[in-house]
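Asks: If you're matching them up, the sequences are chains B and P in order.
My numbering numbers the first residue of the first sequence as 1 and each following residue consecutively.
My numbering numbers the first residue of the second sequence as 1 and each following residue consecutively.
Please keep in mind that the hints were generated in silico from the structure rather than gathered at the bench.
Be aware that one or more of the hints could be misleading.
Computed, partial: chain P to chain B, Cβ under 7 angstroms [stated by the list, open to error]:
#1 ALA85
#2 GLY110
#3 ASN276
Below 20 angstroms or equal to it, Euclidean Cα-Cα: the simulated SDA-like pairs (lysine to any residue) are [said to hold, decoys possible]:
#4 B:LYS342 <-> B:TRP25
#5 P:LYS270 <-> B:TRP144
#6 P:LYS270 <-> B:ASN148
Now the stretches of chain B that chain P is said to cover, found in silico as 3 or more residues with beta-carbon under 8 angstroms [said to hold, decoys possible]:
#7 115 to 127
#8 130 to 144
#9 262 to 275
#10 319 to 325
Note that this is a predicted model, so its numbers are computed, not measured.
Here a beta-carbon is modelled for each residue, glycine too, at the ideal position from N, C-alpha and C.
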Amino acid sequence: MTILRPAGEFDESYAYDMATIRRPWQWAALGLLLLALYTLPLYGSQSMVSLVNRIAISIIAVQGLNLLTGYTGQISLGQAAFMTVGGYISALLMIHLNWSFLLTLPAAALGAGLVGLIFGLPSLRVKGFYLAMSTLAAQFIIPWFTRNAFRDALNGAQGINVPVPVIFGIEFNTPQRYLYLTITILIITTIVASNAARSRLGRAFVSVRDNDLAAELLGINPFKYKLQAFFLAAVYAGVAGSLMAHHLRHINSETFNLTDSVLLLGMLILGGLGTNLGPFLGAAAVELLIELATLAGPFVSTYFPAAAGGVQALRPLFFGFTLMLFLIFEPRGLAHRWQLIKASWRLRPFAR
Amino acid sequence: MNWQLVPQFAVSGLLAGGPIALMALGLVLIFKSSYIFNFAQGQLLLLGTLFTWWLAVEQGLPLWLAIALALAASALLGLVIERLALRPMTGQPLLAIILMTLALGQFLQGTALLLFGGAQRNFPQIFSAANPYKIVTPFIYNDRNIVIILKQNLVWSFVVAMLGVILIGAFFRFTRTGLAMRGASEDHELAQSIGLRINRIFGISWAMAGMVATVGGVLLATSSGLDLSLSVLVLAAFPAVLLGGLESIPGVIVGGLIIGLSSGLVSASKVQIIRNSAEIVPYIVLMIVLLIRPEGIFGQRRIERV
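Please put together the full structure from these sequences, using the hints given.
Replies: Structure follows, in structure tokens:
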């Protein structure tokens with residue numbers, strides 16, 4: 001699809017050949033989007049800003065999962081567990097060592113990445129759902145650890161209160177202010193993820209996914225790249241977990257649970273595996289779906305009196321049903337649909 | 001180790017392994033025929049048990065009739081799931097199929113919540129709670145023989161679960177349908193070419209998995225009550241399946257018992273943190289199995305080595 005270019009557009013320099021954003025109007029559109037996002041706190045309602053915060057954080061976590069599952073083809077059911085690691089590390093460093101958020105965030109990312117490496121080790125021996133099982137083990141072992149180990153510091157099942165991040169004297173204590181933080185970090189993670197995906201690293205990931213034996217023949221060490229993918233995915237989860245913990249101001253072992261891991265995988269599928277656009281579309285779609293479930297909840301509880309607070313019932317119901325429909329009818333996700341729409345726009349009036 | 005507690009915890013752990021084996025059987029049934037690892041088994045179990053509860057308590061039917069009706073309903077649910085959700089996925093990559101069962105699990109969880117709500121419920125007692133069995137062991141501690149006390153429902157759940165596993169094992173071994181299912185598990189295309197109806201076999205195995213799930217859920221609910229966490233308990237059966245070998249019915253028993261036994265033994269420890277680790281022991285066993293012998297004890301060595 002990328003081959004389809006408007007008439008008269010040629011690569012006149014190497015820099016232009018490699019550019020992701022090519023046309024002046026694309027720069028303008030990006031600028032407008034960023035302007036809209038950064039000014040959202042000025043006119044958006046509290047709930048809307050919170051929603052955008054949640055979407056942005058989900059996007060970061062899904063971007064990591066995309067590198068692991070989408071590009072490298074390793075199934076992970078443990079992304080939420082690595083978010084837990086990131087959240088706890090960031091909170092503990094800030095409480096006990098008084099580190100600034102600028103330091104705790106990378107530390108959380110690194111710590112989560114190292115834990116991710118441990119649970120990625122079985123990928124050297126097994127793949128497919130055996131690997132899914134090992135990451136599922138992470139999803140049980142890590143929350144258990146936070147509940148039972150180091151009770152003085154981690155406060156058991158109750159969890160800990162997370163302080164407000166302060167950067168250069170600015171307190172990010174409201175969703176409105178927090179939005180600047182999440183959007184800025186989202187921009188950084190997006191640049192890193194999309195460049196990782198199209199560099200040597202990303203091409204090696206794709207070759208491991210498509211055929212690991214052939215990849216090995218080409219001189220790519222599959223073990224090394226699988227572990228790197230696990231590390232990167234967990235780093236992204238660490239960043240997202242840290243951001244979420246400081247957003248919610250509280251973290252316990254249930255903040256990021258197995259359902260969240262499934263939700264993140266679902267976002268990835270809905271958006272489109274192995275595409276840079278996928279995490280954005282998928283995370284936004286699923287979070288909006290959850291909002292819809294929240295809105296529809298009260299109506300449902302009038303018809304189904306047993307479902308006390310229909311929201312808890314509708315969320316998994318909507319999500320599961322949508323994901324099933326997508327898997328059957330649109331397995332390549334929203335990003336693929338978007339490519340088709342773009343192509344048919346360029347080919348008009350000859351499309352289809 | 002609290003040595004005087006070891007016999008007690010070992011035996012009750014082994015007995016708890018019975019229902020785990022039964023839940024693992026549900027997973028193996030589906031995997032054996034269609035190579036699908038069913039992450040929605042827990043929610044199947046939850047729905048079946050909630051339906052039994054609804055018939056028995058809300059509608060006031062006798063328990064045996066409620067269980068029979070729920071078994072029929074869960075078999076039907078299994079058939080419907082196979083037809084509507086899994087058959088369109090034939091030939092899709094593994095990730096899509098795993099995601100499908102996960103999505104199905106979420107969908108069923110939502111359905112269960114919508115129809116029955118998430119409250120904690122008391123399930124009608126099948127086995128008497130009073131009069132636990134007492135076994136006097138030859139081990140002596142403080143000049144007295146150690147006595148193992150076993151609740152009746154623990155013992156009888158174990159017996160029913162084992163009977164279920166053996167019954168299904170016999171079904172596979174001695175009936176024509178069982179033979180067809182074993183044949184289909186060897187090679188789908190080959191089975192089709194000799195005239196086996198592969199879709200029907202998938203359907204039967206899903207229906208059986210639904211029924212097994214309901215029995216397992218009822219057994220669990222009689223001892224630990226009925227709420228939404230029941231669907232999470234099933235995840236403890238995944239390590240049992242991997243330990244025993246994915247396609248093996250004897251493996252299910254061995255895997256279930258080992259998982260139950262190791263959780264029980266850990267509970268006998270003196271150190272609190274090790275005692276508390278009983279809930280994650282299955283997953284630690286799982287990690288060890290994956291690293292040492294991924295195909296399990298009785299499994300076929302057909303995993304592609306990476």
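Asks: All hints are to be evaluated individually against the structure, with a verdict given for each.
Replies: Against the structure, the hints:
Contact between ALA85 (chain P) and chain B, as hinted, is supported at the beta carbon level, the nearest pair being about 6 angstroms apart and thus within 7 angstroms. Because the beta carbon of GLY110 (chain P) sits about 3 angstroms from the nearest beta carbon in chain B, less than 7 angstroms, this interface hint is met. With 7 angstroms as the threshold, the beta carbon of ASN276 (chain P) comes within range of chain B, its nearest partner Cβ sitting at about 5 angstroms, so the hint holds. For a cut-off of 20 angstroms, the pair hint linking LYS342 (chain B) to TRP25 (chain B) stands: about 15 angstroms separates their Cα positions.
Proximity of LYS270 (chain P) to TRP144 (chain B) is assessed by CA-CA distance (about 19 angstroms); at most 20 angstroms being required, the pair is judged to hold. Taken as a hint, the LYS270 (chain P) and ASN148 (chain B) pair is honoured in the structure, with Cα atoms around 15 angstroms apart against an allowance of 20 angstroms. For the segment 115 to 127 of chain B, the stated coverage by chain P holds: 7 residues have a C-beta nearer than 8 angstroms to a C-beta of that chain, and at least 3 were required. Given as covered by chain P, the segment 130 to 144 of chain B passes the check, having 9 residues with a CB less than 8 angstroms from a CB of that chain where 3 are the minimum.
Counting residues of the segment 262 to 275 of chain B whose C-beta sits closer than 8 angstroms to any C-beta of chain P gives 5, which meets the bar of three, so the coverage hint holds. A count of 5 residues in the segment 319 to 325 of chain B with a Cβ less than 8 angstroms from any Cβ of chain P is obtained; the coverage claim is therefore met, three being the minimum.
Comparing the model with each earlier hint shows no violations; every hint is respected.
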